[in-house]
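Student: This is what each chain is made of:
Protein chains: 2
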Amino acid sequence: MRVLILGGDGYLGWPTAMHLTSKGYKVAVADSYLRRRLCKEEDVAPLFEVPDLRERVFAWKYVSGYNIKVFIGDLAEWEFVETVFRTFIPDAIVHYAEQPSAPYSMLNRRSANLTLKNNLVVTLNLIFAVRKFCPDAHIVKLGTMGEYGTPNIDIEEGWLDVDHKGRHQKFLYPRQAGSLYHTTKIMDTDLLWFYVRMWNFRVTDLMQGPVYGLFTNENEDNEQLLPFFNYDEIFGTVLNRFVVQAVVGYPLTVYGKGNQTRGYLNIKDTLTCIRLSLENPAKIGELRIFNQFTETFSVNELSKKVQSVGNNLGLNVNIQHIENPRKEAEEHYYNPKHTGLSELGLRANLLTDEVLEQMITFVLKHKSKITIDQIHRKIKWA
Amino acid sequence: MRVLILGGDGYLGWPTAMHLTSKGYKVAVADSYLRRRLCKEEDVAPLFEVPDLRERVFAWKYVSGYNIKVFIGDLAEWEFVETVFRTFIPDAIVHYAEQPSAPYSMLNRRSANLTLKNNLVVTLNLIFAVRKFCPDAHIVKLGTMGEYGTPNIDIEEGWLDVDHKGRHQKFLYPRQAGSLYHTTKIMDTDLLWFYVRMWNFRVTDLMQGPVYGLFTNENEDNEQLLPFFNYDEIFGTVLNRFVVQAVVGYPLTVYGKGNQTRGYLNIKDTLTCIRLSLENPAKIGELRIFNQFTETFSVNELSKKVQSVGNNLGLNVNIQHIENPRKEAEEHYYNPKHTGLSELGLRANLLTDEVLEQMITFVLKHKSKITIDQIHRKIKWA
Chain A
4 MRVLILGGDG YLGWPTAMHL TSKGYKVAVA DSYLRRRLCK EEDVAPLFEV PDLRERVFAW
64 KYVSGYNIKV FIGDLAEWEF VETVFRTFIP DAIVHYAEQP SAPYSMLNRR SANLTLKNNL
124 VVTLNLIFAV RKFCPDAHIV KLGTMGEYGT PNIDIEEGWL DVDHKGRHQK FLYPRQAGSL
184 YHTTKIMDTD LLWFYVRMWN FRVTDLMQGP VYGLFTNENE DNEQLLPFFN YDEIFGTVLN
244 RFVVQAVVGY PLTVYGKGNQ TRGYLNIKDT LTCIRLSLEN PAKIGELRIF NQFTETFSVN
304 ELSKKVQSVG NNLGLNVNIQ HIENPRKEAE EHYYNPKHTG LSELGLRANL LTDEVLEQMI
364 TFVLKHKSKI TIDQIHRKIK WA
Chain B
4 MRVLILGGDG YLGWPTAMHL TSKGYKVAVA DSYLRRRLCK EEDVAPLFEV PDLRERVFAW
64 KYVSGYNIKV FIGDLAEWEF VETVFRTFIP DAIVHYAEQP SAPYSMLNRR SANLTLKNNL
124 VVTLNLIFAV RKFCPDAHIV KLGTMGEYGT PNIDIEEGWL DVDHKGRHQK FLYPRQAGSL
184 YHTTKIMDTD LLWFYVRMWN FRVTDLMQGP VYGLFTNENE DNEQLLPFFN YDEIFGTVLN
244 RFVVQAVVGY PLTVYGKGNQ TRGYLNIKDT LTCIRLSLEN PAKIGELRIF NQFTETFSVN
304 ELSKKVQSVG NNLGLNVNIQ HIENPRKEAE EHYYNPKHTG LSELGLRANL LTDEVLEQMI
364 TFVLKHKSKI TIDQIHRKIK WA
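Chains as they are written, first to last, in my numbering: chain A, 4 to 385; chain B, 4 to 385.
Since the hints were made in silico from the structure, they are not lab data. Each hint should be verified, as a subset may be incorrect.
One copy or two, either will do: identical chains are not told apart, so a pair holds if it fits within one copy or between any two.
In silico SDA-like links for lysine to any residue, alpha-carbon gap of 25 angstroms or less [as the list claims (entries may be wrong)]:
| id | residue 1 | residue 2 |
| --- | --- | --- |
| 1 | K286 | Q179 |
| 2 | K29 | E52 |
| 3 | K26 | R112 |
| 4 | K260 | E236 |
| 5 | K26 | Q310 |
| 6 | K330 | L228 |
| 7 | K26 | R170 |
| 8 | K381 | R134 |
| 9 | K340 | F174 |
| 10 | K381 | N116 |
| 11 | K135 | R112 |
| 12 | K330 | V124 |
| 13 | K168 | G252 |
| 14 | K340 | E85 |
| 15 | K72 | K368 |
| 16 | K368 | E159 |
| 17 | K330 | T275 |
| 18 | K372 | E334 |
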């Protein structure tokens, strides 16, 4: 199967590319290095330098023998999209090509405008490219659990059956997100759902929770192959950030009361979920939605886990509650369902002490590279 | 009260500008003539020529004594938006500045891309301009009943109370539209609702049905002041189109079975609804939603009304069912609520035979200008 990964340079795009080639897929990646550019503009950087896509492809070919085709360009430009699809007609597309940071999207008008335009125009271009070049291809789209927000009822997998005044209707589960970034993902869903109905596309929307970790079966022995590991407030996901903060002796910054609960997953499980979705494609005319996470934690629980494992490793980990820069519920009901991917065969890699130990031990090796001033930039929602 | 009308050259924008000045409001209008440009590109034109905005403002001042400030420019460009808001700081904004045609949005990739970018970037710019220049201003946004689609349960006014497994949540009423244009209006709602929650804006979202007619209290005696009256498949709304078809002896083209039912309103009532919303603003932090229509008709009912009145006026009106170029339900439940605007004081101008007679008689005067080849362009949804 030929798989095109949009956003193949990203935290998840690159590990996905390696994983799929190792499982026998023919893979091409496209990326504009947008995340690298935004990191430079905002003066933040991953824990260690990451080679560019062509260098990583070369390194991966050297160790694995598998090749990955690379397209560097802006998927918001139709000419580039046409070139990619004409050159590598895919059986499936994995769409990660979005500005992925909630805090970035809340910085200012320019960052909001970039997020809105990039994310929606890339998705629209993808839709028209599939229509033109490969109408039967399976689109695997990364959504986010953040689209749902924190409703007071159970979060079902994508759809909600509503009984109202004696009549019945199945709706897309109503979405209400907590950042502009997350709102653009809702709008992606609006777009894809519309064209699924009009043009009978087959789409899997993976509503993913925050991902943690950096080790996969493909990169464990080779630091050149690791993904971006950001620990800054803008591009770092919360657990990765806490691990770095623990190592460098910076108190774990918990926003507000810390009872904000989300569904998390290990980066290894992201790769499995993508592969399982590809192996079991959505039907023609189907928007299939999975909630992609393996366990839920509050921010308090996460910080205590990191503190406990860190202290056992001889660190002195403190936790500090700071004024919440976001506008979000700090106490809320949260009961999201996630049976779809398990039924396809997902066996979770849970957040054990061993997993945290491995992460902390790795970051300790890179401790000298940590620059504290990027950890907390005080980006405010309101 | 100072009211800024975005899209002030449009079918509804211009009549709104006149109406509000006549009621004592200070009014400015902004427009890029986008609709005029798209009509030229697609080779369609209104029934009669409409003077440009500055000429209309001059004509209106001549007959009424009221002035309207004009800004010509692209509201998708931030610099222009800043100039407008800095020059005329409004107490309220009426936002019509969108590519308004569903068939246009379904023409091709370019038209879809233009619709998506224009509609969303203008709305985002509006949001940031209000935040910067007038955070307490009341935003009156034109939504559309088409956002709801045709669900199998009653359509409430904007919100839906859901009981699910013993718990309760109030959601934005789930939306599922029938064209890309309508989908961009859903996305507008997503955007506005997000920033209402974040920044405590006051927003009224008017979910409007198709509007018909051209006469208002302000223009009845002066053809120079009439709005665009398109009868083509792209920019003509259905009843206006049927009236022209009846006059010129072109069969009324009913798509498919013709049982598609929608909520309609007279252009006079649109103006009243806008004014009532301005007089009774949304609260701080409130997204207030009204369903803006006065009566529902199926396409079959509309065509029969036009046929009956037309034949009484001596025309020979035929009705022709053609293959539905859209992908939509032709038989469906439809029970939308619309009490909010009535409670504010709306007294409907219903679609009487007299109203249709007045429209047909007017179009008869302009019969020689009708060009038949623009009536039906065969734009297909799928």
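Student: Name the hints, by number, that the structure is in violation of.
Tutor: 2, 3, 5, 6, 7, 13, 14, 15, 16, 17, 18
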